[in-house]
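Engineer: This is what each chain is made of:
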Amino acid sequence: MKKYTFTEKKDTRSGFGAGMTELGQKNKNVVALCADLVGSLKIAPFIKENPERFFQCGIGEANMIGVSAGLTIGGKIPFATTFANFATGRVYDQIRQSVAYSNKNVKIAASHAGITLGEDGATHQILEDIGMMKMLPGMTVINPCDYNQTKAATLAVADHEGPVYLRFGRPVVPIFTDPDQKFEIGKAWMVSEGKDVSIFATGHLVWEAIQAGEMLEAEGIDAEVINIHTIKPLDEEAVLKSVGKTGCVVSAEEHNRIGGLGDSIAQVLVKHKLVPQEYVAVDDSFGESGTPEQLMEKYGLTAKDIVAAAKRAIARKAE
Amino acid sequence: MEVKELEKIASQVRRDIVRMVHGAQSGHPGGSLGCTDLLVALYFEQMHLKEIDQESDFSMNGVGEDLFFLSNGHISPVWYSVLARKGYFPLAELATYREIDSRVQGHPTTHEGLPGIRIASGSLGQGNSVAMGAALAKRLNKDDKLVYCLMGDGEQQEGQVWEAANFGSHHYIDHLISFIDLNGQQIDGPTIEVMNNRDLGEKYRAFGWEVMEIVEGNDMASVVKGLHEARSKAGHGKPVMVLLHTGMGFGVDFMEGSHKWHGVAPNDEQLEAALDQLEETMGDY
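Protein chains in written order, with the working numbering: chain A, 1 to 319; chain B, 1 to 285.
Bound-form chain B, shown alone (with noise of 0.2 Å):
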């Protein structure tokens, strides 16, 4: 797909979470929308995904098609609108997020049944340990997809991350590709002041991965390219794992680069200034 369309898709997207958090009243746009370009250009362009015409055709075993695993489960708004527009399922759910018995949950999860979720996130630090375990199955059954996991920087801070960056490369998972948001914000303050990860490329090449960086996550151009780059290095013996540069907040002039809307909804004014500097490009759900 052309970077022009899905750069429309992005706009839409975006949309599609604050008014989803804001319906809400609760939920995480921050990094939300600093990960849009990179889901969309994934589910749009990257990814070998199986047909969805109805819910049916989703598969859980995803045998024969690339996965995606989101681990910082708290983003899933930017998720749920891509899955929906994606066609996994009806578009009109997206306003029941975070609502009484409704699929579109505050954090992914399968229990509800909702078509394009494998596993529930959202206690951190889970998401690329699963995403390895699947990967294995994959090399077991001889599928040679790919399998792709974002994580959050915050997360890194996570003790089980790093029994996973130790897995990876031991058992040679090299059609994994791994990504951090690194948005440098989590909920306390900016991500040096709350625990300073310091250098995730050294740690993550010292625990024997193949890393790399997308200086410019929020430029779709740029993602794609990333993205393309990355697959490229899958295959040789090495997990990949690929440093997102992106702005929490991105696209919302006044959620840019503040951990202060990691987790807050815009209200009724903010809703329209929002709306304002973001695209209907798709149709509003």
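Extracted from the complex, chain A is given alone in its bound form (with noise of 0.2 Å):
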């Protein structure tokens, strides 16, 4: 396993909170509108810069996915932004109709997205957003694994034309990509290279699944870690590749298992080479209120479930 260390942890919606104000400097077009969580986006430097380029909508999700696709009409580049729960479930109809099937040059900025918001329990832990977003055709879908990458989503995205859902998190986690990392879209990132296992992980999870590999390479087996950062259009050259030189297959993410990034692997797999695949993903059902650590472990979300699922997937190459 290639080494990967860090200094310090922050969340990832500090990192888009970040890319937003860069933004702000450098993109004129950029809007951002807020539906009464600003201090909890990291937008307040934006706000603060570009007071004429925000728009508090309130508590009215809704009609913030309608103004910023009217928006996108005068050239603008809205960024839309909430929690992950009020970011797409709550306004399903409108993100379909008013932005992905008129094809509007909308972001979707989701924050708090998966169990790890914590305390505020299972009405704002939404793990079923990465499917609803990705089953909207034209829609790209991004999950960035950390505060600096997702920063560098964000710019990335304001300069992608038509309609994104960025999705990114509250708890804060190791800081471990190049603050000065170029974002491409739709490119699966090499974490490390391996031969026995592919270790596919999006946001959060990458780090979790760098840890996997290091407990895995304890034990003698030589895993190969993907960050899997953009899950539609989904690299499936990448998928391949790794797959044809491991033979069997990890996914990991924060959202169920029906859906989400495994079942996009899951395709690419059934369709071009059937292999074991084994999920790390919450196993259909509702989160419930505790601490990051204490949810990440009791719905199976932490390295040491990733390693005893690639240690499952690997026994089943032998089947």
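Simulated from the structure, these hints should not be mistaken for lab results.
Misleading hints may appear alongside valid ones.
[Said to hold, decoys possible] If you only want the chain B side, here are some residues facing chain A, beta carbon under 8 Å, derived: (1) Gly62; (2) Ile119; (3) Ala120; (4) Gly122; (5) Gln126; (6) Ala131; (7) Gly133; (8) Ala134; (9) Ala137; (10) Lys138; (11) Gln157; (12) Gln160; (13) Phe167; (14) His171; (15) His175; (16) Leu200.
Glycine included, C-beta positions come from ideal geometry on N, C-alpha and C.
With the hints as a guide, bring both chains together as one complex.
Structural biologist: Shown next as structure tokens:
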């Protein structure tokens, strides 16, 4: 395993906020909207520097999506921001008709995705958002792994023409990617090469996958870890190349096992190369209150869960 | 343009509507006929539009021109007819309404590249939000042109409409003129029976809008006068809401005033009876 270290932990939402601050200075067409969660989305600096380019929507997410779609008519690049739950499930039809079907250049920027927002509990912990968003024709779905990558993704999606769902979260997680990285939409990132099992991870589970890779290495298993920050369009070539070498797969995501990254990878495998796949994901349930660490443990999303899944996948190769 | 000329166009548009819905044997003639006078007056008299000599002249961004959004997308026949008569796309395409491989879809869409349309609509309640976004883009672009949006009265039952009502006054979107087609009918029956909207004027006033009425929404002179009045109210710090009283099915006597013609196509005899009441002024498509 390639060695990754970190000196600092931060929340990925702060990476989004930093990206917005930079976009505020760089791209005059970028505008921001928020549904009463400015502090949580970390966009206060953007608003302070560009007050005329921010539109507070109050607690009215449906209207926010429609206003965002309208802002693109006139050449603006709106970032519609709120919690992932309210940015997707609550406004699915507005996104479907006014954004995706109308092919509007709206960026839906969603914080507090998954269970690790923690104590607020299941009403706020969406685990279905990747599935809903990736089913929309033309929608790009991005789930970066740390602060630096979230910032880079924020800059990249502003330059990308078309609707984007950008997903990030609340918990502080290690910063292990390059602060000056170039974010390529749709291009998987090889974290560490290996030959025994392919671990495809997304979001902050990439860090769990790195730790899992080290634990497996100690047991003599050579894991390949790949960061799938773009779930749609999926880098099928990277998936197939890796699987061609390793012959088995673990997918790891903070999402329902139904409809997420794992299913996207399974579709590729079914079509092109059938190999064993094990899911590390929430097993078709809602979340609950708890600390992020407790929830990761209880819902089976930690490095040791990835290790166990890797061993199961490898064992199935012999079947 | 003279009122008489606008009336002639309206008569032809009404013929187009009835023929399109008959041709497809589906669609929504009632609201389309009721809003014909408004759309004709907007496109042929009121709105500042860029000249369209060929399809590629249509600009999605619409900078420097007035914009129109149709929120109640099911009355697409009237919009399609007006757009075609205005030269946005070939008249002959009206004959493909609701057919496979057509740009003239059941509900308006940008997806097939039909010039004149800037957002899909059909799922109700979304248009006024979109119109406000477009109006804010105009503000940022220092573009002094206006944005218009038409909604239905049944549509006022959607929650998003009231999120938008809050937003419009809060952000002083005063270069937006919205209309509610007050025909008092929706699919399941009279609006007051299905879900009583009560006093929409009072509601919008309470939400901080400038509210006015066009009492004779099917009288062209009244519509034109009302539009001039609405335009004079723009730019004074409040979004403008025009309550447009129309008759569902107006212009075809047996369709008038009944929800039964909200979404039903005429048969061959009914088509003939309808066309007998509508003068062919510009040549049928």
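Engineer: Look at each hint and say if it fits the structure.
Structural biologist: Cross-check of the supplied hints:
Given hint, Gly62 (chain B) at the interface with chain A, holds; its Cβ is 6 Å from that chain's nearest Cβ, closer than 8 Å. Annotation: Ile119 (chain B) was flagged as interfacial toward chain A, and the flag holds, the nearest CB pair being 5 Å apart, inside 8 Å. For Ala120 (chain B), the shortest C-beta to C-beta distance to chain A is roughly 5 Å, which falls under 8 Å, so the interface hint holds. The restraint placing Gly122 (chain B) at the interface with chain A holds, with a minimum CB-CB distance near 7 Å, inside the 8 Å limit.
The interface hint given for Gln126 (chain B) holds, since its Cβ lies 5 Å from the closest Cβ of chain A, which is under the 8 Å cut-off. A cut of 8 Å between beta carbons decides the hint on Ala131 (chain B): the least distance to chain A is about 6 Å, and the hint holds. With a least beta-carbon distance of about 2 Å to chain A, the hint placing Gly133 (chain B) at the interface is held under the 8 Å criterion. About 4 Å separates the beta-carbon of Ala134 (chain B) from the nearest beta-carbon of chain A, less than 8 Å, and the hint is met.
Hint on Ala137 (chain B) holds. Least Cβ distance to chain A is approximately 3 Å, under the 8 Å limit. Hint on Lys138 (chain B) holds. Least Cβ distance to chain A is approximately 6 Å, under the 8 Å limit. Among the interface hints, the one on Gln157 (chain B) is violated; its C-beta lies about 14 Å from the nearest C-beta in chain A, farther than the 8 Å criterion. Checking Gln160 (chain B) against chain A: minimum C-beta separation of about 4 Å stays under 8 Å; hint holds.
The interface hint given for Phe167 (chain B) holds, since its Cβ lies 5 Å from the closest Cβ of chain A, which is under the 8 Å cut-off. Interface hint at His171 (chain B): satisfied, since its Cβ lies 7 Å from the closest Cβ of chain A, which is below the 8 Å cut-off. Hint status for His175 (chain B) relative to chain A: violated, with the closest Cβ pair at about 12 Å, above 8 Å. Among the interface hints, the one on Leu200 (chain B) is violated; its C-beta lies about 18 Å from the nearest C-beta in chain A, farther than the 8 Å criterion.
Against the hints set out earlier in the document, violations occur for numbers 11, 15 and 16.
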